[in-house]
Amino acid sequence: KLLLLKAERSYSLGDIPVAEALYKLSINSAREHKFIHEEALAYELFGNFKMENGQSSIGKKHLDTACELYKKWGAYRKVESMTKSTSAELARSSPSSVKLLSQKFTIY
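Just remember that my numbering sits 68 ahead of the position in the sequence shown, which is counted from 1.
Misleading hints may appear alongside valid ones.
In silico DSS-like pairs for lysine-lysine, Cα to Cα no more than 27 angstroms straight-line [to be verified]:
(1) K69 to K92
(2) K118 to K92
(3) K69 to K139
(4) K118 to K69
(5) K118 to K139
(6) K146 to K92
(7) K69 to K140
(8) K118 to K74
(9) K102 to K139
(10) K118 to K102
(11) K152 to K92
Worth flagging that the hints you see were computed from the coordinates, not collected in a lab.
Just so it is clear, the structure is predicted and the values come from calculations on it, not from any experiment.
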C-alpha cells in the first residue's frame, strides 16, 4: 500500500518517471504477497495514469488486468463500474478503436 501511495503522491507532484516506477513496484509487491485486491487497485491506478498521459492502449490493458483481478477477488460491482466508466472514456478519446469491456465479462 505504501508504494502505491508514494506513486500517487509522485504523480500528483508531477514526477512522472518516479510515479511510473512506483506503480510497477506496487503491482509487483502486491502480486508477490498475493494481495489480489491491492494488485487490482494498483493496476487500476496505473491504467488511469497511462490513460491520462497519452498512452491509451497501455492504459486499457492495465485496466483490463485490474478488472480481471477484481473479478477473481469477487468484486463484480467494481468490474461493472469500471466497465461502464472505461468504455465511456475510451469512446471519448478514440471512438473507432473502442471495444466494449462489457463484452469480456459476465456480471453476476
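Against the structure, the hints come out as follows:
no.: 1; hint: K69 to K92; in the structure: 12 angstroms, holds
no.: 2; hint: K118 to K92; in the structure: 12 angstroms, holds
no.: 3; hint: K69 to K139; in the structure: 20 angstroms, holds
no.: 4; hint: K118 to K69; in the structure: 19 angstroms, holds
no.: 5; hint: K118 to K139; in the structure: 22 angstroms, holds
no.: 6; hint: K146 to K92; in the structure: 22 angstroms, holds
no.: 7; hint: K69 to K140; in the structure: 20 angstroms, holds
no.: 8; hint: K118 to K74; in the structure: 16 angstroms, holds
no.: 9; hint: K102 to K139; in the structure: 15 angstroms, holds
no.: 10; hint: K118 to K102; in the structure: 24 angstroms, holds
no.: 11; hint: K152 to K92; in the structure: 25 angstroms, holds
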